[in-house]
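Undergrad: What follows is each chain in one-letter form.
There are 2 protein chains.
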Amino acid sequence: MRPLCGVLANIQLICRRFTVKEKFSRKRQVLLSLKIKNMQNPSFEEVLVPLRKLAKEQGNTVQKLKDTNAPAAEIQKAIQALKLTKESIAEKEQEFASNIMKVDRFKMEDLLKRRFFYDQSFAIYGGVTGLYDYGPVGCAMKANLLQIWRNHFIIEENMLEVDCSMLTPEQVLMASGHVDRFCDYMVKDVINGECFRADHLIKAHVEKVLNSKKSLETCQELTDILARLDGFSGEDIANVIKKFQIKSPTTGNNLSEPVPFNLMFGIQIGPTGLSRGFLRPETAQGIFVNFKRLLQFNQGKLPFAAAQIGNSFRNEISPRQGLIRVREFTMAEIEHFVDPSEKAHPKFHRVANERMVFFSACNQVDGNPPSCLTIGEAVRDKLVANETLGYYIARVYQFLLKVGVDPNKLRFRQHMSNEMAHYATDCWDAECYTTHGWIECVGIADRSCYDLTQHSKATGVRLVAEKRLPEPRQVEMVRCIPDKRSIWLKFKADGANIIKTLENLDKEACLHLQKQFESTGHAIVDLGDKCFELENNICKIEKYMKAEHVEEIVPSVVEPSFGIGRVLYAIFEHSFRVRDNDEQRTVRNSEFVNLKILCKFFIFSIFPFLQSWHPDALRSKNISHKVDDSSGSIGRRYARTDEIAIPFAITVDFDSLLEPHTATLRERDTMHQVRVPLSELPTVVEDLSSGKVVWSDVMKMYPVFEQQEGTVKK
Amino acid sequence: MRPLCGVLANIQLICRRFTVKEKFSRKRQVLLSLKIKNMQNPSFEEVLVPLRKLAKEQGNTVQKLKDTNAPAAEIQKAIQALKLTKESIAEKEQEFASNIMKVDRFKMEDLLKRRFFYDQSFAIYGGVTGLYDYGPVGCAMKANLLQIWRNHFIIEENMLEVDCSMLTPEQVLMASGHVDRFCDYMVKDVINGECFRADHLIKAHVEKVLNSKKSLETCQELTDILARLDGFSGEDIANVIKKFQIKSPTTGNNLSEPVPFNLMFGIQIGPTGLSRGFLRPETAQGIFVNFKRLLQFNQGKLPFAAAQIGNSFRNEISPRQGLIRVREFTMAEIEHFVDPSEKAHPKFHRVANERMVFFSACNQVDGNPPSCLTIGEAVRDKLVANETLGYYIARVYQFLLKVGVDPNKLRFRQHMSNEMAHYATDCWDAECYTTHGWIECVGIADRSCYDLTQHSKATGVRLVAEKRLPEPRQVEMVRCIPDKRSIWLKFKADGANIIKTLENLDKEACLHLQKQFESTGHAIVDLGDKCFELENNICKIEKYMKAEHVEEIVPSVVEPSFGIGRVLYAIFEHSFRVRDNDEQRTVRNSEFVNLKILCKFFIFSIFPFLQSWHPDALRSKNISHKVDDSSGSIGRRYARTDEIAIPFAITVDFDSLLEPHTATLRERDTMHQVRVPLSELPTVVEDLSSGKVVWSDVMKMYPVFEQQEGTVKK
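Protein chains in written order, with the numbering used here: chain A, 22 to 735; chain B, 22 to 735.
With the rest of the complex left out, here is chain A:
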């Protein structure tokens, strides 16, 4: 019996298993199975894996007993044991599924929009799909997230940060392969022309059918389609649309044949209209085209990493899902250049014990669940291709936890061969579980030497590093020595060009010339706009030996690539809660808790019931804060500040007039309050902001304040 929890878990088996527990309706089973297959996390797996192993052993035992014609009672006993194990697996899965599904997305999106964390761009003009504006809190969170990213990656590894143009000429993206291959398949409503992304249409259709149809064979086929969808050709897509008679979801009209649609925004640079370009679809190319300068900045040495934070653009066919699929987005990308023969990483030992969930390509294909391993084990077992790739996977894991991603909703999924770029040798996505399913937030790929090679080919500029040889080696060289006088006499004005070309021929071209001379007595030289026939005696091909002290290598590139909006969205979902029975907050009860990346921005709210204490002390310390001097009650003000997750609040009230002058300092998540002398407040505030003290320290230092949040003395 196969374990049941992979993305490609066999629906048939899941359905069969659930017949064990009659209390689940058929429909609910299918739904549950779909949810379970979309969710794995380390702590759940730690419980489930041994149970599944036990069930497998028990199944084997039953089979063995049957095969050996054991006594019926013994067989019955073994079957009973197996049944019990299966029941507890089903119970656990049910429990985990309900546990993980509790985010109320509509409540959350209402809060995000209402308090302007972010919202659709140009809403007063009707909005544009796939474009979002970040409001004050969202923007502060994003800036803070990026600052943490800079500290975690750039400063830690001494990376070279660059800031490159978004406008990109066509030749660059031709070389990178984007002009030819950066496409999605699109189908059109044949009546009203509405466009749809074909794979999303198929996915939605398949999931709808899976939720309604009962035929297990159909389920099997549909699950198979979902698994292979990323690798589908236009023809495959056309076949599926035809077979399942998929129509436009908005009108029910027929759909056109799928056509590839390039996702880059085209632009014309300059006034002539002759210089075509695109908005960059990723920031990486800006680093590759600067490779030589960066290598030089690093004094010619490998390995080194460059990083870039900036916006990229994709003209999505029909963006949905809020921040997850957008037309303009902030990326943070790292390109780590490394000698292809030395992919060990000197700091790997520091992260080797980080334990996380790996969902290998094999397990996906075989329908097996992901496994929980240390990165050390994953590299040792060749699950992850090399130490450098492994080091970055672990660093990404540490970063995501640092900024507030729930480790129980995080996994690393390996690309299957049909979804991986043809040049990549290994690629893992850090996926976060959300109400939209598992979404890719970070891609960590070993891109081999593809990009540098492509740009070298396109420009003729050698994008290579020099590697000192252990000892010099003798290399056979070949050069062409033209008989300049003869050439001048014969070719006149073209002579200079021909001589230059001959002198610059590389080894291969010299040997080719020699071959032509030897077989025909003459040779043809191509000067671009013209060709010339040369006689045998017009030049000499000479071989000689040269000592080489270095060899040229094209570095491999390991690339962690972050979708910042997606990481932010995952953090929102992972920290969103609806408070139960919260009598103190009558106004609203949904909020974000423990939003780690909010620290440093809007860290304090200030409620100046009394105008005598000015927040200048905060300003001079560059501590961001929000003053709420509205006429609302203190309870309403707390609710408002809680919603946007400001961690601390200072209330200067009428008691502050009394000697000694004090103010209330309140922590958001615990709602505990202390009373702090006004004179000491700036220091406390600075220490909390810098993390020098934590809230529990402050609770010990000052008297607790017991007043109800709903009232304030006036």
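Any given hint could be a false lead.
One copy or two, either will do: identical chains are not told apart, so a pair holds if it fits within one copy or between any two.
[Stated by the list, open to error] Distance condition first, Cα-Cα at most 20 Å in a straight line; then the derived EDC-like pairs of lysine to aspartate or glutamate:
id	residue 1	residue 2
1	K536	D676
2	K488	E363
3	K564	D245
4	K209	D257
5	K128	D140
6	K488	D650
7	K368	D650
8	K313	D140
9	K488	D649
10	K74	E569
11	K567	E492
12	K713	E727
13	K264	E701
14	K322	D650
15	K229	E701
Calculated directly from the structure, the hints in this document are not laboratory data.
Given chain A's structure and the hints, the job is docking chain B onto it.
TA: The following block gives chain B in isolation, referenced to the frame of chain A:
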């Protein structure tokens, strides 16, 4: 006699004056006068203004003596005094001009390119004009500059920072006026089609002619053209090109008629090609379209400011001048929304004594020099329109000094009526003097209520704030009450629409309807696609009174808008030096000194001649550093790190092996070194980085290290 130092200084007068001092050649005089007229700064003006005043008085005295037929000796004496004063003015101007012109731009650009502060984008593909990539040092400086900007403006004023889309639908930029008016005039080479920006061509031509021609009348006319160029129509441009027979500067071919060229990059959003848009030409519009949400975030109260940092795009016709005129650039913009009747600023008194150079529109037109005033005086004298605008001018001044702009190369120039947008009430540019002349780095404009009004008109969404009235007021209201039954009977299917339209008519429309009924007995109602004729009795116009507690106001906007690349460029020029006779640095002698915005990024260089001290201590404190473990001599390593302006260097050498273990710590600008125990190094480093101690403190704490920089013990 008029003072001589304004941008529009009368060339004729300058030329005449210089005949006093025969040692200047005619050509040199013209060149010098051009340079002087482009340069004013407070300390120079402080010297020159009293001298000019004296010369004027002396001139008056001479005239008076002549008019009153005074004795010849007395007149002669007065003329002699005047001559002496004029001589000292000329000497001073010569001194200042040579002083300010000493930046060697070619040496500086060589350094910027060689050490990859920034360089042309896609250089290996031949580059694209007007696009630049920032390398590691430039990028760190830019990030730091933006952080200082955030602290100085956003945190200080509790501004609401937002992060909006760059892709912008056409309607938005139609409303803002950019689709119709955001153009430059372009002329084409009639043979090869090369495009030129017409005003730049004229300016270059005029300056060339000014440097060669001697006719004072021509000089006068050309200077006049330069002054009015910004306001030229297409016809004006065509006339100048014809009159001066301006040709293509590259081929000498004739030029086409000037045509307006819109500077925005057009794009198509989505796959249908129906949704036209542009890359934003400024970040401001993103704030305006979010006005309602931001006002709500601020609990409905004015004034408040929103800010945004992000890239904008302008499809320049033929960009030159490096970072100053580019196609893609980072802006930082503030939109301060304020009640138009309350433009006093509560914090104005804090900046009122800041003294800076103001170059008013009047002084520009009259050819007078700029004046040195406090912002308090400027607002009091109505030179600057209001306190809010004045407050931001002073804050911009403080910011620019903070990040390293030379106060002697900074002035605030008021827009003349021909260059100011028609809606703006007052506009000042913070201009920095560079080898390219005075360049606009920040614009500070009072845009009145133009933008919000335009977007309100285009969308029908009322972008207004509510202002509580001191006491409620009675307002006459008018509404239209349709006779629904009659309308239904008469207009059938259209009835619903007609009723809705009538019920929603505003006061003005109701009164217009009534007027039609009264004069003709019927009225025409426009429903967009169709018009309907209504009889008198089909609706009733009713007047009634309503008590209003608030009034709606459209806020005025004061906008400081920063071109970050330009500010950076000015800082580069203002801090670039070529060291004289510097024997210790044999490698290179050009560098940036006192680059304030570099602090916190690459603050330390580390030269580990010995591998035993790891920079982990720096990393854990998020202090950026650069390790140079090349094989170069210590002198060569210092030179390399000095070039990219890293303020401190740590050398761990073979002496560090001896007890007590120590390392050398060196400060860049003074080149002084001390020897610090390895155990204390992390703390010293942190304190220097945070500014807790300065270098002079460190010099007192540890023994000075006297070793030559060119050698190191091995």
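Undergrad: Hints first: check each against the structure and report whether it holds.
TA: Hint-by-hint comparison with the structure:
no. : hint        : in the structure
1   : K536 / D676 : neither (100 Å within a copy, 62 Å between copies)
2   : K488 / E363 : within (12 Å within a copy, 69 Å between copies)
3   : K564 / D245 : neither (59 Å within a copy, 70 Å between copies)
4   : K209 / D257 : within (17 Å within a copy, 51 Å between copies)
5   : K128 / D140 : within (15 Å within a copy, 48 Å between copies)
6   : K488 / D650 : between (65 Å within a copy, 16 Å between copies)
7   : K368 / D650 : between (51 Å within a copy, 18 Å between copies)
8   : K313 / D140 : between (41 Å within a copy, 12 Å between copies)
9   : K488 / D649 : between (62 Å within a copy, 18 Å between copies)
10  : K74 / E569  : neither (58 Å within a copy, 75 Å between copies)
11  : K567 / E492 : within (13 Å within a copy, 96 Å between copies)
12  : K713 / E727 : neither (26 Å within a copy, 39 Å between copies)
13  : K264 / E701 : neither (74 Å within a copy, 74 Å between copies)
14  : K322 / D650 : between (57 Å within a copy, 10 Å between copies)
15  : K229 / E701 : neither (61 Å within a copy, 66 Å between copies)
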